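Colleague: Following the hints, complete the assembly by docking chain B onto the known chain A.
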Amino acid sequence: MAKLTAGTRYKALTRDLMWDPKDVDFKKIYPLVEAEGIRIKDPKRWEDPFRMTFNQYVKIQAEKEHLHHAIRSAFEANHGHARIVDSRWFEGVKAFAVAIQPAEYSAHRLMAYIGRNIPIEAIRFATFNQALDELRHAQIEIKHYAHMSKYYDGLHAYAKTNENLWFNTVPKSFFDDALTAGPFEALIAISFSFEYVFTNILFLPFAASAAAVGDEHFASVGKSVQSDEARHMALGMAALKMLLEEDDRNIPIVQRWLDKWYWRCYRIFSVIATLVDYYPRVRAISWKRAFEMYVEDQVLNGLFKDLFKYGIRPPRNFEDTIKEKEHYSHATMRILDHYKHANYFRGFRLQPDDYEWLSREYPNTFERYYAPFFRKMDDHVMAVAAPGLPAVCAVCQIPCEFPNPDRPEQMWTQYVEYNGKTHMFCSPGCRDIFLEEPEKYIQWWWPAESYLSGEFGPTLEDMFEYFGFTPEEANEHYSSRDYHRWIRYREELGLDKTFQVV
Amino acid sequence: MAFQPKTLEPVRQQPWDWPTKNEYEEVTVREQPYLHGHYRHKYYKTDYDIYDPRYTRIRVKDWDAFRDPKRLWYETYTMSRKRMAEEVEGIFDRAHKLGLYGRVAEVWKNFSMDFYTPLRHYEYAGAVQLQHVVRYAMGCPIEQAATYTAFDKQGRAQWLSTWALEVVGDEGLAVLQRGKDLWVNDGAYAKLRRYMEHVLTTEDWAEVLVALHVAIEPLIDRVLYEELNQVALGYGDVVIPEMALICAEQVAWQEQWTEALFKMVAGDPTLSRWEYLKALGYERWPGDYRWGKTLTDPRTTPEEEKTNREILEEWVHRWLPPAVEAVVSLQPVFDRHGIAFSVEQSVERTLQRVVYPRLQGMGILFQLTS
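Heads up: the sequence lines are chains A and B, in that order. My numbering puts the last residue of the first sequence at 535; the count rises by one with no breaks. My numbering puts the last residue of the second sequence at 436; the count rises by one with no breaks.
FYI, nobody ran anything at the bench for these hints, they're computed from the structure. Check each hint, because a few of them may be wrong.
As the list claims (entries may be wrong) - Between beta-carbon pairs, the in silico distance windows are: (1) B:Trp357 / A:Gly453: 18 to 24 Å; (2) A:Asp281 / B:Lys344: 35 to 41 Å; (3) B:Trp340 / A:His374: 29 to 35 Å; (4) A:Thr41 / B:Thr142: 17 to 23 Å; (5) B:Arg384 / A:Thr492: 50 to 56 Å; (6) B:Lys136 / A:Arg346: 47 to 53 Å; (7) B:Val420 / A:His99: 55 to 61 Å; (8) B:Gln411 / A:Pro76: 40 to 46 Å; (9) A:Lys55 / B:Lys136: 46 to 52 Å; (10) B:Glu371 / A:His374: 45 to 51 Å; (11) B:Lys344 / A:His99: 36 to 42 Å; (12) B:Trp351 / A:Pro471: 25 to 31 Å.
On a predicted model such as this, the values are computed, not experimentally measured, just so you know. For each residue, glycine too, the CB sits at the ideal point set by N, CA and C.
Same shape as in the complex, but just chain A (with noise of 0.2 Å):
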C-alpha cells in the first residue's frame, strides 16, 4: 500500500480531473460561469470537507439504506401506522409529503445543475454526491407515502396535487426560484441558507415529533435523512466561505442572495411551524423555541457574527423573524384552517390539551390572539372556511393573511405598483425579494388566475380532479373518513383497550 496520507491520496482521487480545454472555448463548457458577476481566482485550493470517495459513499449509504428499510417493512408488516397516538399527525405527514418530497427531488436536479456549471472540483465532488442524497430523500419519503397512501386519503394523485394545487406553489416557487438563477446563487440559495440555516429545524423538531407520536418509520425517515444533512451543511460553509474569500467584489453580491435566501427559507417554514406545534398530539419542542435554538443562538447570534469580518451583516429583515416567532404557526394554522375545505391534507379541531399546550408556550399570544380563532369551530368545524380564492402573496404564496407582528391586529400585507400592476405580498421581507428583481417574480404561476382563465375546467368536480383529490379528502380530520377508519382499525387490532393493574 503506498504510504501517502489520508488527505493526499483523496485529493489524487478527486481533484486535476479537469483540464483546460485546447479545441473548445472554456465558456463554451461554462456558459454560465461568469453570468452572475461572480469572480473565482485559484479555486483549487478549496476542499471539499468531507472527503468522500466513490467507494465511502456506496458503503455508507447502503448502510444507511438497509437500515432504514429494515425499519419501514418492520413498520409495514406490524401495522405501524395504527399505533401512533392520533391519526391526526397524518395530516401532517401529508403535508410534508406532497411539499417537501417534490422538493427534495427538485434539489436532486438542481444540484447536478450546481456541479455541472461551477467549474470546482471539490465543489462539484460534493454537489454531486448530494444530488444523490436529495434522490435518496425523494425515494425514502415517497416509501413512506406509498403505503400510507393504501390506507389514508390525499396522496394517491400526488404528481398532480404537487403540478396543480394552489398550496404547493410555495415549496415548488421557492425551487423553481433557485433552478432559475445561475449556478452561484443556487449554490447560496440551497447549501448554505437551505441547508445551512434551516435544515436542523426542518429535520430535527419533526423527527423528535415524529418519534414522540410513535410514527417511528417516518422518525427513521427523519433521522436517516439528517445524517446526510450533515454533509450538505459543511458544503454550504465551505461555499460561503470560498465565494467571500476568493474576491471582496463577491461579497456585496453574496450578501444579497443571503437577504433574498434567508427570507425565502424563513417564509416555506412557516408550515413547518405547524407541523413541530399543532399537528403532534405529543410535542417534543415548540416552533418559538426550535427557531430561538437553531436560528437565533446558532446562525444570527453564532454564524453571522463570525461573517462579519468578512463585511457581512445578518440578513436583511432578520428582526422580523424574530419578532414573529410567537405568531408563527398559529396565524400559519389559521390560513389552513381558512381553506381546509381546498387542501390535500386536514386541518383539525383542537382539543383541551392542544389548547392547553399553546397556552403555555405561547403565554403572549395565543389566548389573547389566535384562541377564540379556533373556538368558533366548536360548533361546526367549518364555521371559519374562508368563501373564494385567497389573494396571495406574489414572492412566497401564501396567502396573505399574516398579522403584523408590531400590531397583531392588523394584516401585514404590502402592496408594489409596478408596470402598471398591483403586486401583493404577504411581509415587508417578501416584498423587498420583489423589488430586487421584479421581472423574475412577474412571471409566478398563481393558481387562481389559471381557474379564472378556464384552465381547471368548467365544474368544482374537474378542480378537484385537477388537483388529484376529491372534496371527502379534504376539511377536518376529527370528523373525517381517515379517523373513523383508523379507530376501526385499531378497533380491530385490540390497540383501543387500555390496561388497569390492581
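Modeller: Same frame as chain A, now just chain B:
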C-alpha cells in the same frame, strides 16, 4: 394468506392513481413535475421552462414510459455498488498482500500507466456532461439512470487513480500527473480529448447520450475493460483484468439502458413535442394563462421536421466516425511500448458485434466507409 378482517384491508391496492408494478416504479414514475414551473431561467435559455421538451429534438408520446431494464433506484443502486466497491478494494488488498505487482512484466507496467491513467479524464468528462443530462432530460426515469451512470463514471475514474497509486506506491502522484500531461499534450490522445471537449459543449441531452453511450464508449470501453484482459494476463497482471470485470458490469448496464431508451425513441412516431401531455392526463389542457402575457408561448417554436429515427441517424453520422477515429488513434500508445494489440481490429470487432446490430435494432442502417 390467512383471513383478514375487512377493517384491516387497505382502501386502495395501488398507492398511486397510476399503475406501478414494483418499488422502482413506485419511486420513479411521475416524480418530475411537468406543468406550472414558476419562472424561467435568468441566464440560460431564458425562453424555456424548467422542464421543457425543447431541450432535445426528439419527441416521445410519454416521457415517463421509459423503464431502466435493471430497475435501479437508490436502494438497489447503492447496494449493488457497495458490493462492487468492496470487490475492488479486495482486489487491491490481495494484490498488495500477495505481491502481485512484482510479477507484472516491466513493459506492461509502463504501458498500463501510460494508458489507464489518462483515461480517468475521459471517464470524468463523461460524468460531468451527464450532469447536464440529469438537469435537462425529461422525466425521472431517464435522468435517474443518467444519475447513477454519472456516479459510476466518477467511481471508475477513482478506481483507475487508486490502481495507479497502488502500483507505484509513493510515486503515484507523479504518475497521475504524467497521465494528465499525456491526456492534454500527447498526440495519441488528442482526438479523444477533442471528442470529449465537444461532448462537453453539446446541449441536446439526448444527443449527449448518443455521443457517449452509443458512439464512443462501446468502442473504448471494450478495449479498456474487456479486450485487454487477456493481454494483461499474458504479462502477468491479474489486477487490471479483475478490476475490468467489475467496470464491465457497470458499462454493460449503461449501454443496456441507453439502448432501451433509443429503441423506444426510434420506434416512436410522435411528431409533436407536446404529445406527452396527453399521457399525463392533460389531454384537454388549454395551455398556461401566462403564455403570451408574462411568458413567451412555447407553442410558437416551430416543430422539428425530421422523425426521431432521422434525428438519431443524423447524430450517429455526426458522432460515430470521429469516435472511431479517436479510439483508433490511441494505437501509438501501444506501439511505443511494444504491446501487440490492434486497436483498429478491436474497434472493427465492436462495430460488427455490438454497435451495428444495436443501431439496426433501432432501425438505423449505418456502415462506416473506411
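Colleague: All the hints need checking, so say for each whether the structure fits it.
Modeller: Quick rundown of the hints versus the structure:
no.: 1; hint: B:Trp357 / A:Gly453: 18 to 24 Å; in the structure: 20 Å, holds
no.: 2; hint: A:Asp281 / B:Lys344: 35 to 41 Å; in the structure: 54 Å, violated
no.: 3; hint: B:Trp340 / A:His374: 29 to 35 Å; in the structure: 34 Å, holds
no.: 4; hint: A:Thr41 / B:Thr142: 17 to 23 Å; in the structure: 34 Å, violated
no.: 5; hint: B:Arg384 / A:Thr492: 50 to 56 Å; in the structure: 51 Å, holds
no.: 6; hint: B:Lys136 / A:Arg346: 47 to 53 Å; in the structure: 51 Å, holds
no.: 7; hint: B:Val420 / A:His99: 55 to 61 Å; in the structure: 36 Å, violated
no.: 8; hint: B:Gln411 / A:Pro76: 40 to 46 Å; in the structure: 43 Å, holds
no.: 9; hint: A:Lys55 / B:Lys136: 46 to 52 Å; in the structure: 37 Å, violated
no.: 10; hint: B:Glu371 / A:His374: 45 to 51 Å; in the structure: 49 Å, holds
no.: 11; hint: B:Lys344 / A:His99: 36 to 42 Å; in the structure: 40 Å, holds
no.: 12; hint: B:Trp351 / A:Pro471: 25 to 31 Å; in the structure: 28 Å, holds
The structure is inconsistent with the numbered hints 2, 4, 7 and 9, although it conforms to all the rest.
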